[in-house]
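Undergrad: Sequence:
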Amino acid sequence: MPRRSEFQATDGQAISFWRWPQSQSRPMLHWAHATGFHGRLYQPLLDDIQAECNVLAWDMRGHGFSANAAEASTFRGWETYYQDLTTLLDHLDTPIWLAGHSIGGTASIMAAARRPEKVLGLILAEPVIMDRKQGLEMWLVKRLRRSQRLALAAGAARRRAVFESHEAAVNHYRGRGIFKTWPDTWLEAYVRFAFMDHEDHIRLACSPEWESTTFAQTEHNPWPGIRQLRCPVVALSGDRGSTFSLAARERLQTLLPSADVKVIEDTTHFLPMEKSDTVRAAIHRLVSQK
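Basically this note's numbering = 1-based index in the sequence shown + 1185.
In silico PhoX-like links for lysine-lysine, alpha-carbon gap of 25 Å or less: (1) 1447 to 1460; (2) 1447 to 1365; (3) 1447 to 1318.
Calculated from the structure, these hints are not laboratory results.
All chains should be built: construct the whole structure from the sequences, respecting the hints.
TA: Below is the structure:
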């Protein structure tokens, strides 16, 4: 099992991250999770790559063991997450590989743009990278203060937060909604670590309100950060329901001609759960280059 550590964000909040067993002979890799999830959800993947990497995985502010850092008065949308990940890089002594899923991929891009000397390369699984049309639409929704009405934000606000037991939560989720394509090992990892014990029930560590707010503040323009990237990049997209559209993929490839951009067949936004072997192989190929 990984061990928990903490670093202090710029506003003084404590952000938790997890360390798998470390060795001086291995490169370091940080995994950043998706909205509403947590670092240890990805153990089915990260346990398998720890033999070649010193693995770290944070619990993003407001998630998992960083739930208490969800401070609405200092939240500046995804910029807050970018600052937190940049602070984690400053906390580390050596350059590191950054990998992530969904918002975790986007945050990794922005941190790499701000601390290029600290980042060896990026492995992005279904990053949230909007094309021009999508970005303009999202910007307009934010300007009109209607982003809480977006389907993802509204759905997260209604999410069930309490169950009587972990078993009840697994039975509730299995085969439903986003979990339809998840193997049981991934579903069980999510439930095991996403909930905190209370007196006679379990409760989501990432509150529906915080998850909804994060979705409502979805990044509409990551392109300034992408233009600043100078490290190797691997970007994997699902072929259905992707947050990384064809237009966005083409634009990224134009801006970063050396980037390895691939569409993975028979996958959705939850590509790491559906094709973890593919993600593992992508990490291995990139990390073994140096």
